[in-house]
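Those protein sequence lines, which keep their order, are chains A and B.
FYI, the numbering for the first sequence is 1 to 389, going by my numbering.
FYI, the numbering for the second sequence is 1001 to 1161, going by my numbering.
These are computed hints drawn from the structure, not numbers from a lab.
For glycine and all other residues, C-beta sits at the position ideal for the given N, C-alpha and C.
Please note: incorrect hints may appear among the correct ones.
Stated by the list, open to error - Chain B stretches covered by chain A per the calculated footprint, using a threshold of three residues with CB under 8 angstroms from any CB of chain A: (1) 1031–1042; (2) 1152–1161.
Claimed, not checked - Negatives, chain A to chain B, calculated, CB over 12 angstroms: (3) Y4; (4) N9; (5) I20; (6) T29; (7) T62; (8) L82; (9) S102; (10) I143; (11) D149; (12) A160; (13) K195; (14) E255; (15) S281; (16) R300; (17) I350; (18) E388.
As the list claims (entries may be wrong) - Going by beta-carbon spacing under 10 angstroms, a handful of chain A positions derived as facing chain B: (19) G37; (20) E40; (21) N176; (22) P177; (23) L226; (24) T372; (25) K376.
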Amino acid sequence: MLNYGEILNGTITEIQPSGIRKFFDIASTMQDVISLGVGEPDFETPWKIRNAAIRSLEEGKTYYSSNRGLSELRDEISRYMLRKYSLSYDPKSEILVTVGGSEAIDAAVRSVVNSGDEVIIPQPSYVCYVPIVMMAGGVPVIIENKAEDDFKLKAEHLKAKITDKTKAIVLPYPSNPTGAIMEKEDYEQIEELVKGTNIILISDEIYSELTFNGKRHVSPASVGSLKERTIVINGFSKAFSMTGWRLGYTCGPKEIIGQITKLHQYSIMCAPTTSQYAAISALRDCDYDVDCMMEEYDMRRRLMVNGFNEIGLACREPQGAFYAFPCIKSTGMSSGEFCEKLLEAKKVAIVPGTAFGDSGEGYVRASYCYGTEHIKTAISRIGEFLNEI
Amino acid sequence: MNVQILKLLAKNARMSNKELAVCTGLSEDEVIAEIEEMTSMGLIRACKAVIDWDKLDDGYISAIVDLKVTPKPGYGFEEVAKKVAKYKEVESVYLLSGVYDLSVIVKCRSFQEVSRFVAKELAVMEGITSTQTQFVMRRYKELDVALDVESTDERGVVSSC
């Protein structure tokens, strides 16, 4: 028999499967679970978008698009970035359409990271950044964001991690799982730190449409001089409820986008053409649909935060994304233990904060991509659980 | 006046005052006062459930009855519209642009009742010159609520994304 240990790529085998895999496996096979565990919208993709895709199929638009993506879509993305985030990108050279935000994150990292380069990653955050940096031969450097800072990336903590090997900083805001957002002043402080360096900012803005309390999303690329060093990553999954369509995009300086385009061209060829036609309609015709979804998320967000605080789990008000991140330290349990016992006792599935890095210990992530009755039932069961432990 | 409360109630009239308070950032007392004010202003007219009558054998029959009306000098279509609205059988009355002037949604317990009502009451009413009755065969969506879909959650139970 072959010795696979000797055959397989060492960098990949070094990447450990997630520690909470077991918990996910149990939760996925259990019957009648009330879940607040999923990070994707419960809304179907707006009909206008689905219809645009169907129409493109009826018209036989089933071919590869250009590597960069349909020019019509890149034009729309360019207009969208301008009207939403005051950012100007040339659709011909500074925008690339990708297979979800995920591909864009991977390609962005690979386009700048050389072997041994350090990439700073704030946590708790989405799970992909560390393995992607490792697969690119880079060295992940973790910054543990703190609840008392509202889980923002603070310049003083960042300063302590910057070395002469720092190649890039990942900026995952609005944040999954904490709901934190970064504001103009936060980025201005970071601008001061990176001025005069070659450090690149990789800004994952997939939740950019989901900010609350009248606070509009701020892209670091729109702050001061940061645009020349920022790779903006965004996509259609969260804002337009299009997770299964696998469509994202990245914008940045043409020198970098050109390199990312090569990676994309040789590994992917082009993003799915049907999804691209759908996305044109999303950007053109769906502001009202997005506003309606936002109103619904905001209502659920308030009910959920209030619900957690009422049953005795301290929960800060998330400013973005669609997650609440209540603190469970008062129970004396670890996040993993809390979620396992809750699942066993009350069949409620939520995600341990440690799924998003060690600094998520003491917290759990509850998604409000669920109807209000569902959310109320789940929280009341968590309340019962707290009374019984 | 608070449009946020109106929007929330339009979606779900059974939201409690406490929930409305949580969702708007007002106190419960403020919510109660707002609702009282908006009710007395006539902004909030009623709070009713959306019912799929097709699920019952003895549910309601609906018809859309479009009317051509000769406008009365000084009153326009108002007089006829208000008179039509007085009937118990009439669920809604709208003034239209286009070929017909008024559109009336009529709700009765049988086809015969609808026919009788149109023939004996609407068609002969002074000012109404012609009627077009279209029976509703099936309801697919009512007041924003899709009636013919039972959705199942096909997403997984947990994920980190």
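Exercise for the section: Find the nearest Cβ of chain B to the Cβ of E388(A) and say whether that gap is larger than 12 angstroms. Expected result: The claim holds: E388(A) sits with its nearest Cβ about 22 angstroms from chain B, beyond 12 angstroms.
Problem - Outcome, coverage of the stretch 1152–1161 of chain B by chain A - at least 3 residues whose beta-carbon is closer than 8 angstroms to one in that chain - result: holds (count 8)
Practice task
Find the nearest Cβ of chain B to the Cβ of L82(A) and say whether that gap is larger than 12 angstroms.
Solution key: Consistent with the label, L82(A) stays out of reach of chain B, its closest Cβ about 28 angstroms off (over 12 angstroms).
Problem - Closest CB of chain B to the CB of A160(A) still more than 12 angstroms away - result: Holds, since 27 angstroms exceeds 12 angstroms.
Practice task
Please verify that hint: L226(A), Cβ, nearest Cβ of chain B, below 10 angstroms or not.
Solution key: violated (26 angstroms)
Handout entry: Per-residue hint verdict: K376(A), partner chain B, C-beta under 10 angstroms
Key = holds (9 angstroms)
Handout entry: Least C-beta distance between R300(A) and chain B, which was stated to exceed 12 angstroms
Key = Given that some Cβ of chain B is not farther than 12 angstroms from that of R300(A), nearest at about 9 angstroms, it is violated.
Exercise for the section: With a C-beta cutoff of 8 angstroms, work out whether three or more residues of the stretch 1031–1042 of chain B approach chain A closely enough for the coverage to hold. Expected result: violated (count 0)
Handout entry: Non-interface claim for I350(A), where every Cβ of chain B lies beyond 12 angstroms
Key = violated (8 angstroms)
Problem - Exclusion check [I20(A) not at the chain B interface, CB over 12 angstroms] - result: Not fine: 8 angstroms to the nearest Cβ puts I20(A) too close to chain B.
Problem - Interface exclusion of I143(A) relative to chain B, criterion Cβ beyond 12 angstroms - result: I143(A) is indeed farther than 12 angstroms from all Cβ atoms of chain B, at 19 angstroms.
Practice task
So, G37(A) near chain B? Judge it on the closest CB pair being under 10 angstroms.
Solution key: Because about 3 angstroms separates G37(A) from the closest Cβ in chain B, which is inside the 10 angstroms limit, the hint holds.
Of the numbered hints given earlier, the model fails hints 1, 5, 6, 9, 16, 17 and 23; all others are met.
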